[in-house]
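Work out the full structure: start from the sequences and follow the hints.
Residue numbers (our numbering), protein chains in the order written: chain L, 1 to 504; chain R, 1001 to 1278.
Honestly, the hints are just simulated from the structure, not real lab data. Hints should not be assumed to be uniformly reliable.
[Said to hold, decoys possible] Just some of the chain R residues that point at chain L, by a computed CB distance under 7 Å:
{"#": "1", "residue": "His1048"}
{"#": "2", "residue": "His1070"}
{"#": "3", "residue": "Tyr1071"}
{"#": "4", "residue": "Pro1072"}
Glycine included, every Cβ here is placed at the ideal spot set by N, Cα and C.
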Amino acid sequence: MKTMRFLMLGFLVVLLGGCYHSEFSGRYKAEEALWKANREFTRLSIKPKLVEPEQWEALANTYQELGEKYKATPVPSGDSPEALAAAEMRAIAARALARSGNLRASMGDSTEAEAIFRSIDQEFADIPNAQGTGLLALAQLLQRQSRTPEAIQAYEKIINTIEPAPSAQGVEGVVMFLPLRVARMKAGNAQNKAPFYEDARAYYRNQIQNPKHAESAYEARSRLVDVASDLGDWNEALDQMRVMEREVTTFEDPPEDPGKIKFAMAEATRLGLGKIEEAAGILEELVAKYPESTFAARALLSLSKYEGSRENTETAINYLDRLREEYPKEDSFLAQGALYRARLLERTGDWAGALEAYRSLPVEHPLSEEALISHLEIASRYDRVGDATSRGRSLGEAEEAYRNFISRFPAEGLSYSAREKLARIYGAQKRWEEAISELESLAEALRGTPQGAAQLWAAAQLSERELKDTERAIKLYETAVTLYPNTQTGVKSAEALSRLKGGE
Amino acid sequence: MGLFKSLSVVGWACRNVFKRFFKGGLWAPFLLLTLIQIIALGLLLTFHQPWSQWGMMPLLKWSGGEGAVHYPYFFSVMPVAFARITLILGILLSSWLIGVATLKFAESFGRKVTDRPWSHAFKFYPHLILLTAVTSVVVFTAFLSQRLVPSDLFLTNSAARWGVRFGTQFLAVVIQAFFIYGVAWIVLKEENFMSAIKSSFSTAKSIFLPTVILVGITAMFQFPLSYVQGRGDLITNKFQPEMMIGIMGVEIFAELILGFVLAGAVTFLFLWKQEGAQ
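Dropping the structure here:
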């Protein structure tokens, strides 16, 4: 009896053991480790400036250890669930290693990052998507380092290895962009770009004829539009866009707003072919056919500007009225429309109407760039007509309006614009010290951005030309050269410095 | 019986149960069931390990598809899988254990039926299983009635959503109230399961409001936990996925306490109605 029980227990253990597949356990643990590392990455990314370099280093090491641990997982042959689980473990390893490489690249260790990406390319050749992840990261790194031929090689390997799936996450989702990117990199500043785009054209035409996914053909056609635009072949671009407009509505979940395609057609016709009247016709079609599209509001604004440019003020204002009535929620376009209305009225001599329109902007669209611009427009008008008293009063009102805006919405992105305009108001009132202080403070707040560079340059210029404070100007130019060495601001500042110092 | 009288009857029943809160012998069936639930939860959490992969992976895939065996989606599906385990445990095991608990409570309330409650209850095991199975099916059908509400209304209208939730919960409480005396009729009066159901309906009808209040109160305590478990995606994305383990642990503990109180109070009411309990 005891022997029977023992044998039955043994049989049960063998049976259960036979049902056990370590691949599922390994995959789960790998997923857990990757998820937790990604969670930590998200947490640190919320305020990256507050994160110590050691924390990023530790996270990069965590990703790398995870990748090293699972990259050598043996994958059984066939399509069994165990084989798929093992392959997924290796894919997780590749993703972790790619993350590690990206972190190291962002920390400035591009040598180590490149080594990691190249190892992914070599060690995950059996899992194309995993290999592609590493290749994509490598290509992007090489491109940032201006190692164009190597970057092109990496991109082309991805194109030849991975089948595009536009709606997928990861490398499959970006493959469709790559032939165009490669063509642009190869063409560079060449006069005749067409030969460099032949491979991309052929790739996209093949995708249109033999798509593996429903969206691939559509996406490929969209890229052909980009190719044609790059080459200035506007008729080809328009032909493709007409097909896209027909095709996009056949999708159950359209990948794009048909209004957007129609708007692009109008822009191509206007800017590319120079056929402005025909472009206006396309915009009219857009409004009629796709009234629910956001681009219909944009089209009405564009039509208004078109009519305004032809001195058809009444028609232009009618379009703006339609915009206001039919699209009351499109605040951005309504604000632009309101500003354009004011300018139209001013141009036609109706200053009372224009003034009312300018003054209503901050009331009706308080959080808009146009509302901020309206104060300057009023002051400029009085400046143009030589009305010094009104100009002085309007500058004072503008200053008060900007100060109120900045104190009410300090964290709002537009507050930087308000501060820049406040500096211009100071300049218009010849309050140079205040203008320069405001620009310096703004440059500091926007440090590291092109806008910050522009403010620093403006402050230096004012110091040199208006305050005649050479010492202060030199300091500002030196700061610009230090912070923005390889930019136009940096170059101009260096020239200004050598001029000022050479003159001393 | 009016509302206030019903409330005082329920209060009286619960008081008599609380008086017996520290009698260890009464806890035995509930603790055994809790232990088995904890083991089941442990097996579920270690679904990918050798000892549980064979059973838990198919259960998880059945409950939530292929994604259920991946981290962290597993934690969203875990309550569903555990509910299925609990359903099976309920039918196979807790049907018998509640029978044991009923006999022990009855003895505690002065109505001794047997010296061996465990084996006595086991004698009626097939009837107890059938009773539990039928009750589970009817309650499940009540919850399925949610599907009669158009899904877009359910998703977009919070009043409709909460109305449906409370409505089906109330329906489930009423159904359980009618079936709840079945165990007592089987183990104390030794009826077969069909007669026990009829008798249970009759008993419940005679003390309808106290029974509904009693079942409703325990359901009310459990509702927040089951609601939170249903928001597994939110917890996984916003907090830690492992929080679900804590939530389910709290639910198991809550079931232990509420099960004790409910079994005791139902037995008390049954005896009071049938024989005038002390």
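Each hint tested on the structure:
1. Here the hint on histidine 1048 (chain R) is kept, as its CB sits about 4 Å from the closest CB of chain L, short of 7 Å.
2. Evaluation of the histidine 1070 (chain R) hint against chain L yields a held restraint, the C-beta minimum of about 6 Å falling below 7 Å.
3. Taking 7 Å as the C-beta contact cut-off toward chain L, the hint placing tyrosine 1071 (chain R) at the interface holds, the least distance being around 4 Å.
4. The restraint placing proline 1072 (chain R) at the interface with chain L holds, with a minimum CB-CB distance near 6 Å, inside the 7 Å limit.
Of the numbered hints given earlier, the model fails none.
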